[in-house]
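Chains as they are written, first to last, in our numbering: chain A, 1 to 374; chain B, 1 to 374.
No lab work stands behind these hints: they were computed from the structure.
Treat the hints with care, as some may be off.
Note that the list lumps identical chains together, so a pair holds whenever it fits in one copy or between two copies.
[Said to hold, decoys possible] Straight-line C-alpha distance at most 27 Å; calculated DSS-like pairs for lysine-lysine:
no., residue 1, residue 2
1, Lys-36, Lys-143
2, Lys-180, Lys-355
3, Lys-143, Lys-301
4, Lys-100, Lys-125
5, Lys-124, Lys-39
6, Lys-180, Lys-39
7, Lys-39, Lys-373
8, Lys-143, Lys-280
9, Lys-37, Lys-178
Protein chains: 2
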Amino acid sequence: MYLNRRNFIKTISAASLGTLIPNIAVASFMKPIKSKKLKLSFRTYDLQLKHTFTVAEYSRDTTPVVLTELEYDGIIGYGEASMPPYLGESHKSVTSFLSKVNLAQFNDPFRIDDILTYVDSVDKKNRAAKASIDIALHDLMGKIVNQPLYKLWGLNPEETPVTSFTIGIDKPDVVRMKTKEAKGFKVLKVKLGRGNDKEMINSVREITDVPLYVDVNQGWQNKEEALEMIHWLKEKGVIFVEQPLPKENIDDMAWLTQNSPLPTMADEAFQRLSDIVAFKDVYSGINIKLMKSTGLREAHKMITVARALDMKVMMGCMTETSCAVSAAAQLSPLVDWADLDGNLLISNDVYEGVKVINGKITLNNLPGIGIRKL
Amino acid sequence: MYLNRRNFIKTISAASLGTLIPNIAVASFMKPIKSKKLKLSFRTYDLQLKHTFTVAEYSRDTTPVVLTELEYDGIIGYGEASMPPYLGESHKSVTSFLSKVNLAQFNDPFRIDDILTYVDSVDKKNRAAKASIDIALHDLMGKIVNQPLYKLWGLNPEETPVTSFTIGIDKPDVVRMKTKEAKGFKVLKVKLGRGNDKEMINSVREITDVPLYVDVNQGWQNKEEALEMIHWLKEKGVIFVEQPLPKENIDDMAWLTQNSPLPTMADEAFQRLSDIVAFKDVYSGINIKLMKSTGLREAHKMITVARALDMKVMMGCMTETSCAVSAAAQLSPLVDWADLDGNLLISNDVYEGVKVINGKITLNNLPGIGIRKL
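Generate coordinates for the entire structure from the input sequences, incorporating the hints supplied.
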């Protein structure tokens, strides 16, 4: 019923057209069919933001996402692709990618390495689309063995970090209002980089003394001015500075990291696992987001590699439903800092999953990524 | 019954003595007790080698091991510590370590990170003893969710490598005989480093044309002579050279790796995860053994980190039963080369597990590490 009611797009994989693989009739979607092949379906959706979201480059009120379902033997895993404009993906690019993926060639959902290696090979780009399959596959696997992913990964759910809540760039009165609304959070992440940095911080500090993370989104240009600002921010109780300089400025960034009194975190500069080693002396750490990493599989490896390089790790997110946020939260006992507030920024979530309780990410006992449909 | 019959040593953890934790009577071991705490037991055992084992430094006919069992809620995971003399561990050091470990403080076997972090903190040394707990814990976890570990790790069991069979240093006629006996193997690992290197290789080559791995066990002293020998070995069909120089000779080793026509693999030089990054330009790759890595948890991370550093990975073993060999085999789909013949070198194995079929490591569908008691 769900698939019809929600107008799910039936995926008939490109590879199955014209082959001997039977074309499954739409009627068969009326209830979950037990099959021993993986079946992917997906639909587009627009997240409504509670507040207009402003960063250094742009503002927006909605975020397009694609919600995926991966079915095997009557069990369904949920996934999601979130496409904030700066990543260059859209409803069209993600559904186009997902339509090209033929998961029906796999009859064992535990072959995660094979499946995701294949998915990664379908196109060079489409990291969010790839994540939507990775998340659904992990959710499915966890449901098959009836355990939350954090358990299968051997993690202690009590070691989740607090999450920051993001304060976008705005006028002082709006910033003060948003800061008041965020009083349940133990740490705030303040967006900077549009020329009113001190005004932003001072507005927040009029309301609260909680520790602050700062995200510049490449908004600073001059390394000496950046260093001076970081010293000022440290005095204001800031913990780290994310993506202070344009991602291309590797040498300036290495100089800034070497001289900075606060850790510097790579965000836009950093996408895949293969990027990390080169960043060892350029940034103090990395901000891992499932929509950049292509999902949980690579994100987990990123954490392991970053730790071996003595780098800090934070787990971030896009504006996304409780699906992708809950998936990221499964790994969060391993990170230093988390910014997993994407689901809290929207008014039309379609799942319930991990909660923020007293500012801390709180995992539940549900299997897989730990979500239920609303 | 098993525990009495085999004279298992009941572990009463040091921490529980004199506390309010009840002292469990020996009678309760007559059948598995259902408890919601982890319970560790262990016994010493001596493996009988089919052939006297000779490497550059010494010869021996037996290897001491300690076999562990970790029980939770009526389910038992198996583990093993193998103590070849050069690692500096013994029956006494391992049982002494295990007696100090208080696993009864944990009531959730899925808290693998917490448990193994605690175990690692009990003493700085005792890597094999730590591995015996790690292996049993992973076996237990896999049995609880009723899946082999390779499945929980998302690996394809068909991607296991062939394993080499080891030919120890001996006189030409013995080497020829051993090589004939090893005709089922698709690759052989030849021990070198005692001055009769060319004689060893030539003796093997009189019998077979299969590819060879070479393990020098730090037996060469001069880097130029080592390079000359490696060129000769390449002509003889050798694939890589393991631990050619003494582990302390870092600079010579880096020079040799830079100039070598064959990959160089770190064995004795390399123990823990934290060692790997520094070896990036010193060796081409690493030989991971569970008895060095403290078990599967860290071994898995080592593979991830080595791959990120573009290093080769091989999985090796000590002389050990099918317990530790089968555990290592669970990770083997991820490695380039395997030398997992430790259980084939002994005449008194106590488990059956992974098999070598047509020279290839062959995983089974049993949960956990995939073994059964003989």
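Now the hints, each set against the structure:
1. Within a single copy, Lys-36 and Lys-143 get their C-alpha atoms as close as 15 Å, and across copies as close as 23 Å, so both meet the 27 Å cut-off.
2. With identical chains, the CA atoms of Lys-180 and Lys-355 are at most 27 Å apart within one copy only, with a shortest distance of 20 Å there and 64 Å across copies.
3. Proximity of Lys-143 to Lys-301 under the C-alpha cut-off of 27 Å is found in both arrangements, the shortest distances being 22 Å within a copy and 25 Å between copies.
4. Taking the closest pair of Cα atoms, Lys-100 and Lys-125 come within 27 Å of each other only inside a single copy of the chain (13 Å); across copies the shortest separation is 52 Å, beyond that limit.
5. For the homomeric pair Lys-124 and Lys-39, the shortest alpha-carbon distance inside one copy (23 Å) is at most 27 Å, but the shortest distance between copies (49 Å) is not.
6. In the homo-oligomer, the alpha carbons of Lys-180 and Lys-39 never lie at most 27 Å apart, since the shortest distance is 45 Å inside one protomer and 50 Å across protomers.
7. In the homo-oligomer, the alpha carbons of Lys-39 and Lys-373 lie at most 27 Å apart inside one protomer (19 Å), although the nearest pairing across protomers, at 39 Å, exceeds that limit.
8. Taking CA atoms no more than 27 Å apart as the test, Lys-143 paired with Lys-280 passes in neither setting, with 37 Å inside one copy and 39 Å between copies.
9. In this assembly of identical chains, Lys-37 and Lys-178 lie within 27 Å of each other by CA distance neither inside one copy nor across copies; the values are 47 Å within and 47 Å between.
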